Amino acid sequence: TLRQHEIKGCLLARAKHLCFVGSRGRIWSLGKDQGLGERIWGPYREQALQRGLGTPLHPTVHTQRGAMATLPCVLRALPHNYRVKWSKVEPANYGESVIIITNGMYHKNYGPLSPRVRLRHSHRYDASLTITDVALEDEGRYRCQLVNGLEDESISLTLHLEGVVFPYQPSNGRYKFNYHEAKRACEQQDSRLATYQQLYKAWTEGLDWCNAGWILDGTVHYPIINSREPCGGRLLLPGVRTYGARDKQKDRFDAFCFTSALQGTGWGYLQDDTAVEAGQACRNHGAAMAKVGQLYSAWKFSQLDRCDGGWLADGSVRYPITTPRQRCGGLPDPGVRSFGFPSKEMRTYGTYCFVGK
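Position one of the sequence shown corresponds to residue 1 (full-length UniProt numbering), numbered consecutively onward.
Note that these hints are calculated values from the structure, not bench results.
In this text the structure is predicted, and so the values were computed from the model without any measurement.
Do not take every clue at face value.
Claimed, not checked - Derived DSS-like pairs: lysine-lysine, alpha-carbon spacing no greater than 25 Å straight-line: (1) K176 x K344; (2) K183 x K250; (3) K357 x K291; (4) K183 x K201; (5) K344 x K291; (6) K201 x K291; (7) K108 x K85; (8) K183 x K291; (9) K183 x K248; (10) K176 x K357; (11) K250 x K176; (12) K248 x K176.
As the list claims (entries may be wrong) - DEER-style ranges, computed between Cβ atoms: (13) P230 x G111: 27 to 33 Å; (14) E277 x Y243: 38 to 44 Å; (15) G279 x V98: 39 to 45 Å; (16) E96 x E205: 28 to 34 Å.
Just so you know, even glycine gets a beta-carbon here, dropped at the ideal spot from N, CA and C.
Model the full structure from these sequences, guided by the hints.
See below:
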């Protein structure tokens, strides 16, 4: 049997349970069902089984756009010649984007996140990543990897932005966007294409929409709560229906956009302008015509509730309702109502203006 003083020289091979002991190089087989931890005891058991990275108590970090978020990564010890590498998992590209690499003394930032990231360093074991001024595209899965010679291990964390998903189509009707046009349209409305997880969460919160739309990974879906004939038939169960991956150049659908908290200082509503006059009216007050994503964000996060339809920057007319009532559309659920894209010469509507930061 192994003597206790020989335990210090015992190494556990990855592929087989083997022990290499002493200067004579004796090899011990620990058996198929017997790990090294079962053959050693005392202080060496804890040392042999210890991981280099602490397991995060909460693997998902919740935040909003514009906030500061910290993804925790704490070393249990400081190995010799170690490195810590942070990266963002990019499912669409089947790879990862390196964000920062450190050896404890020096670090180097990489990629588009470079100006907004730093290591927290609240103590010498702390390798947590802090992201400032969180942006919509920061949502996703991150990896903290400890590299120590040939050994490495990693933990994964998810940055989750609180937000709202909304369907979007242009003024000339439904199913006009290829993937790239849908992506650009969302960005023009202070949002981005939603992920599947964001669309699914929106469905659980009540999003019911019969038109199929692009999402970020290039697949096409539509969320249905109330099954009905024009939307796949009454026999299909509620859920997020899918068309799968489509041709990003040729196929045309609507878009599902995602936005988060507002980055601005105020809202205004101006009475009875044409769409042509509305932009100048907002500028006269030091503001700009609101975008669709900004109106949804104000409805979601600031509880903006107004029964008056107003022009938005894309030429549509909408109004936000947080407390449903009969005289404001009569629909039973909160939401942002739409009058579509009326003639720009009409003076029936006011204008929603937004003051950015």
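Going straight from one Cα to the other, do K108 and K85 come out at no more than 25 Å? holds, 10 Å
For E277 and Y243, compare the CB-CB distance with the range 38 to 44 Å and indicate the outcome. holds, 41 Å
Restraint check for K250 with K176, where alpha carbons must lie at most 25 Å apart: holds, 10 Å
Verify the proposed pairing of K176 with K344, using a straight-line Cα cut of 25 Å. holds, 21 Å
Between the alpha carbons of K201 and K291, is the straight-line distance 25 Å or under? Holds, because 23 Å separates the two Cα atoms, which is no more than 25 Å.
Quickly compare the C-alpha distance for K183 and K291 to 25 Å and report which way the hint goes. holds, 15 Å
Given the proposed pairing of K183 with K250, does the C-alpha separation stay at or below 25 Å? Holds, at roughly 14 Å.
Just to be sure I understand the hint, the distance between the Cβ atoms of E96 and E205 should be within 28 to 34 Å; is that true here? For E96 and E205 the Cβ distance comes to about 31 Å; the hint holds.
Straight-line Cα separation of K344 and K291 no greater than 25 Å? holds, 16 Å
Given hint K291 paired with K357 - CA-CA distance at most 25 Å: Holds, at roughly 15 Å.
Pairwise beta carbon distance, G279 to V98, judged against the given window 39 to 45 Å: holds, 42 Å
Against the 25 Å threshold, does the CA-CA distance of K176 and K357 hold or violate the hint? violated, 33 Å
The structure is inconsistent with the numbered hints 10 and 13, although it conforms to all the rest.
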